[in-house]
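Following the hints, put chain B with the ligand in place on chain A, whose structure we already have.
Chain order of the listed sequences is A and B. FYI, this note's numbering numbers position 129 of the first sequence as 129, with every residue one higher than the one before it. FYI, this note's numbering numbers position 346 of the second sequence as 346, with every residue one higher than the one before it.
The set of hints was computed from the structure by calculation and includes no laboratory data. There's no promise every hint is true.
[To be verified] Quick list of in silico lysine-lysine cross-link-like pairs, DSBU-like style, CA-CA up to 35 Å: (1) K73/A x K67/B; (2) K292/B x K73/A; (3) K79/A x K53/B; (4) K283/B x K79/A.
[As the list claims (entries may be wrong)] Covered stretches of chain B (in silico footprint by chain A; criterion: 3 or more residues with CB under 8 Å from a CB of chain A, positions within the stretch not fixed): (5) 30–44; (6) 174–186.
From the three backbone atoms N, C-alpha and C, an ideal C-beta is built for every residue, glycine too.
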Amino acid sequence: MSRIAARFASLKKEGRGALIPFLEAFDPDLETSQAILAGMPAAGADLIEIGMPFTDPMADGPIIQLAGQRGLKAGATLKGTLAMVRRFREADDRTPIVLMGYLNPIVAYGPEAFCQDAAAAGVDGLIAVDLPPEEADLLAPHAAAQGIDIIRLVAPTTDESRLPYVLEGSSGFVYYVSIAGITGTRTASSADLSAAIPRVRKFTDLPIAIGFGIRTPEQAANATEIADAAIVASALIDTLARTLDEDGRALPGTVDAVLDQVRALAEAVRGVRVAA
Amino acid sequence: MNQHFSSGIAGGQNSLRNYPDDRGRFGQFGGRFVAETLMPVIREVERAYLEIKDDAEFHAELDGYLKNYVGRPSALWYAERLTEHLGGAKIYLKREDLNHTGAHKINSCMGQILLARRMGKTRIIAETGAGQHGVATATVCALFGLPCVIYMGATDVERQKPNVFRMKLLGAEVRPVEAGAGTLKDAMNEALRDWVTNVHDTYYLIGTAAGPHPFPAMVRDFQCVIGNEAKAQLMEAEGRLPDVAIACVGGGSNAIGLFHPFLDEAVKLIGVEAGGHGIDTDKTAASLARGKPGVLHGNLTYLLQNDDGQIQEAHSISAGLDYPGLGPEHSFLFENGRVEYVPINDDEALEAFQLLCRVEGIIPALESAHALAHVTKLAPTLGRDQIILVNLSGRGDKDIFTVAAHTGVTL
Ligand SMILES: Cc1ncc(COP(=O)(O)O)c(C=O)c1O
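For reference, chain A alone in the conformation it holds in the complex (with noise of 0.2 Å):
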């Protein structure tokens, strides 16, 4: 069974939904995001959630943009998440580790050589955001010939008659993409969700984990509730940042608060039973 299948078996019969953090690789520097990558486990996180930063990245609001950037001028490049990956695998080789970005680097790298590394790195999913099913055939043959599940989007705009579409090459979760917009602006109310998830949960078995606009541990909470999995990735960066210096570096405390509200986050979505 793939980490990620795992994960969530073992955290149904726990009768809980997962949290799953998110970091910009390299932001704001290699050392800092491998520190905050490593905490993350033990803090509380489920499954984690590592962003490749572009310098064009269309779905994100100004916040992941900026953490791209800084990490861009740190230096990130694929090979340089992928050795982070291989890093945090040395000591941890359960929790599911999924990568997060734009195709362009992966194209540029090579889809099946890329997709060869990451297997071999020790990643488990793969989400391109501007890759959509009419287009898979570029990824999906060379993440399933190395075991790398493919997580698909879906978004309030993908209606009934899409949404079969767009499930059938999922595999490990399914995204929820709980607001038509960018990241990090606005926040899906309870009642949207209520009537959202259930329509996707016809047409798949899959957890369901709900992202964008996820910010507070009541929310993450309540995610939790409707779904099975609640990402936060723009509170997290827009902590970090606060945490920077002037010129966008680190400072001794930048780790611990990221780590501390992971914790917090993490106290929330444990608090909340779910019928297993």
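Just chain B with the ligand, lined up with the frame of chain A:
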């Protein structure tokens, strides 16, 4: 069927005019690489476009606006003094600069605004570089009373001030984009972010033959009026087709509009990229000469990028060519060799700009001056019995401040 449209079927079985396929691919290029949130609206635009493609009523309406509002057909001018000056091939200028708003951009804006209205969209957004597409979009929005937001890189806002003011006069909201180098690429990112956020009521009126399918094909089809008219006008003037057709390539809309009707003819086609300071420097916008295939802004095409697939900033003196990619059909025509692409540097374009002013009494857009600069190299090498057709894609009033600054004049 409408004569302005070059529908695929017109081309016969092995025609290069039969692209894209139904995945929106020109060979390997094109496609629709956008976030899932946008996919449903992209498919909706595609359905709407297929509906109007051969709809007589739509084309009658469009033709009416093109004739009475835009002022088409645009003139085909035999540039006799320029021809004499260069001492070679006969040079004909397709005068897109004479269109309402001063460039070819309005051809596609007119078509797309009618489509957006059919789709029931009530808010229009667009990106702009030189501001010509922004002005054309603001114009058609004013004409139909639709609210309009134009994204423009902060650098471009600075170097194209007259057009910024024009857009505001026309009732558009101009939002400067500070990200990146503050040029066309950044404006397009921001427009896509707006679209994702307001997808329920908004139509993204893309300004060039690039972006996710169906935009490259649709914008091309609306711009083919250029090549179709020129073909008929030249037949009337000379009784034959040109030997060479030349156009500048930013995203590639004026060029593909000129080239497409000639793809199956024995006409040499040359696209002129912006070389910037030179294709061996890092200040260039020549995506074909210096880039490699990749994915940006919804399509797979040639892009300026580093080895890690990070997109590089383009540079051109001309804001309308200052983009690190180009439309997918050009990548296709480049790889199969049907169209030749050459770079022209900033200084060469500046020189051609001034030459046309002096010998023909026409102030060309800096974008179009790139095409003219190549004509000044090519024409003297051809015989006097040869004909060069060049697309004068826009007028240069917007560029006089840039040209003044580069020639050491303070206005
Ligand atoms: C006059 C003129 N020509 C050419 C261009 C380049 O665009 P395209 O390559 O789509 O024709 C522009 C873009 O702003 C323009 O204003």
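Query raised in the report: So which of those numbered hints doesn't the model satisfy?
Result: 1 and 3
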